[in-house]
Amino acid sequence: MNRSAPVERLHDLWDNTSGLNAAQVAERRATFGPNTIVAESSSGWLEIVRSTVRDPMIWFLIGTAVLFIWLGDLTEAAVLGAALIPIAGMDAYLHRRTQASTEGLRARLASQARVLRDGREKDVPSEELVPGDLVIVPAGAYFPADGLIQSGEALQADESTLTGEALPVRKAPLEPRPVGTGSVTVEGEHWGMAGTRLLTGEARVVIALTGPETLYGEIARLSRATQVDRTPLQEAIARLVQILLVVALVLCAILAGIRYAQGYGAVDALLSAVTLAIAALPEEYPVVFSFFLGLGVYRLARKQALVRRAVVVENIGRISCICTDKTGTLTEGQLTLHKALPVEGVSDDELLTIAATASRAETADPLDLILLESARPRNGKVEAVFPFAEDRLREVAVLRSPEGSCSAAMKGAPETVIEITTLSEEERRLWRQRTQELAASGHKVIGVAIRSFHDWSGEEPETGFDFAGLLAFSDPVRPSVADAVREAQDAGIRVIMITGDHAHTAAAIAKETGIGTLDPRVIDGKDLAAHIDHQEAEIDFDVVARCTPSQKLDLVQALRAKGEMVAVTGDGVNDAPALRGADVGIAMGERGTRSAREVASIVLLDDNFATIVGAIAEGRQLFTNLRLSFAYLLMLHAPLVATAALIPLMGYPLLYLPIHIIWIELILHPTALLVFQNLPSQNALSRLSKGSRPSFFAPREWVTISIVGALASTVILGGNILNLGETADVPHARSMAMASLIITGSAITAALTGFRSRSAWIATAVPVLSAFAAIQIEPVARVLHLSPLHLMDWAIAMFGGVIISAGAAFMTQRQDLGKPHARLHRSGQSPS
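Here the sequence shown is numbered in the numbering used here, starting from 694 and rising by one per residue.
Careful: at least some of the hints might be erroneous.
[Claimed, not checked] The calculated lysine-lysine pairs, modelled on DSS-like cross-linking and capped at a C-alpha distance of 30 Å, are:
(1) Lys1255 to Lys1219
(2) Lys1219 to Lys1204
(3) Lys1032 to Lys1204
(4) Lys1255 to Lys1204
(5) Lys1219 to Lys1032
[Said to hold, decoys possible] Taking CB as the label site, the calculated pair distances span:
(6) Ile1414 to Pro1481: 18 to 28 Å
(7) Ile1414 to Val1476: 18 to 28 Å
(8) Arg807 to Pro1080: 42 to 52 Å
(9) Val943 to Ala1421: 25 to 35 Å
(10) Pro1373 to Ser711: 47 to 57 Å
(11) Val1078 to Ser711: 39 to 49 Å
(12) Glu1066 to Glu882: 19 to 29 Å
(13) Thr1115 to Gln1027: 28 to 38 Å
(14) Arg1393 to Ile762: 23 to 33 Å
(15) Pro861 to Arg1393: 46 to 56 Å
(16) Gln955 to Thr1407: 19 to 29 Å
The set of hints was computed from the structure by calculation and includes no laboratory data. Keep in mind the model is a prediction, meaning the values are calculated, not measured. For each residue, glycine too, the CB sits at the ideal point set by N, CA and C.
With the hints as constraints, model all of the structure from the sequences given.
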């Protein structure tokens, strides 16, 4: 992957043969700080304890145990005290699991580095490295920071940590090259990246970026920050939890009052209310969402999309329109001079010389650099430069020759240059036609003109130029783009190309990449307002040519106003407004400016359109998995809460005791957090089903969840009442209810996951096996206030689970519950 390096650090690469001295090291450490790529985690055991004690289940157990001690039931209190161990252990495990991806990064970092300082080799802790250090990396070792390779032969590196690609990557030393100021993009083969490992050869690497400046450090820092960011959906879930909590407390108070009125006593009434409260407490939802949010950062980073803002994990899977740049995103971004068409009497070399005179190396513009490499500017002193601007579409340099005469060299958009030359109308028509012919074949075309004069007024010359000719440049389309565009459009994602190029050039690239139709609809930027001013008018074009930054922002706002979820790509300072105004702003990591990267919510590490489509697919899969996890929680919580409330309200003995709620929680948490997030990607993008009403679940999906929950509640309720019988065998009836509930949970897990992962098999089988062991082993059953079931009881419970599983699977498939869709909230709206 290509990265930008400060120019002054390139000088370190070629000038540095004996390493830094002690004074240089001290000075640079004071400037850049330590090479702390992944900071030591502050979430040690103390943080785990803090997280665990925030779990309301812990305090429920402690409070209930104290209640039993007060009643003199020490055995029950001891059982609840012992139950603290698995609950606290599960909390600790899940907390560590959410932190493991960040902390685990440290295992991929070099702890020591062999560095050359003052001409001598020495081993130092990698944290002590500074930019400019010359490091020796042997085969099998990890690169200690992001560095540029100075020397080495037959080098190969394993970059799977950053890219997910298992194949070795070839590495080579960076040859000396002319550089200007600021920063310069260096090809990926010349970088040794922190967290990646050298497989073959021995490399000498000059450190360019340390600590959080490294790509590895940036991923870790952003991922850790994402864990604590609160997004609109997270806020909405928090509000939903608060509402459900209030409802649960009201139900608990009603249940306690009814139980007391039924003559069960104050202790039974209190225990009924507390048990219902903990069964109904929806604390899993914000935990699950935060877990998925943090996970999304890593999955998207492996797709070469570096997440900078947490909200993008919510939004990227819902993108319905991509407004993409052409150069460098759809194309390779490597212009080459293809053809020179000078006017009669002007040679190719003279045409290039005039164009080079109107170019500046310090801009780092690829076109300027090509022209300066192709020809030497005219001799003389540059008196003034009138730079290229979106409203001018030309650049003019005023040059004073050694003899004292002045000339103005101009290059820019052909239609602009042609208009201010001395060409006749017939000649203008001819050159416009040639421009269109070149542009229609996908070339970027510029016009070149020159004007000579004796006295210069100090103002920009705007008339009297002699037309010199046209220069045509080619920028090949990236090989993967056409397939990515087709995949996006097949999935219902609209692709609009926005470019500053000529309309014919834009149309040729759009046709080659498959954007829009076989005959892409192209409009000019100046005509954009007429197409988007009317609210009811359809945005029916595929390409906007000669588009300015303000027009780009206007288009983004118009698309969003029509209900589209818009992603925008950009690389320059002038793209910042559109990047900020989009739902998902995507900056180019290789050639993008710092301003663009700072306002964007995603930075593409490879500047490739195909990466955007891959990130959308990953985002959709993440959100699909999140929705399945929430559906699982709702489908299982519904019968748990319904039966916990209805059985006591109907006058029967308590169905669930505190120990049973603990048992269910030990199944709910790891399944919701670990099983559904681990479901594999479907790879291909599925089509979005668009609707006018935004929601987390569509109405038909709420119907699915409600029917499955009601069916499970009926099975559990009926099984409990029937097994109570005339003798009111409470332990036996409770065993039947617990067996039915746990088998129901496993059936729902099987239906929603489709057994698409090993963890899905485990989460389906282990709860059922635990229920069988706990119920059938009599001493264990006695402690849990249960009694062994007959074979027929198990058969009935399993049959009920099969019905629920079949119903959930059928309705899930029919209602598209396992597929992403567009009916998800916009920022600030609550899920419904």
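Hint check against the structure, violated hint numbers in rising order: 14
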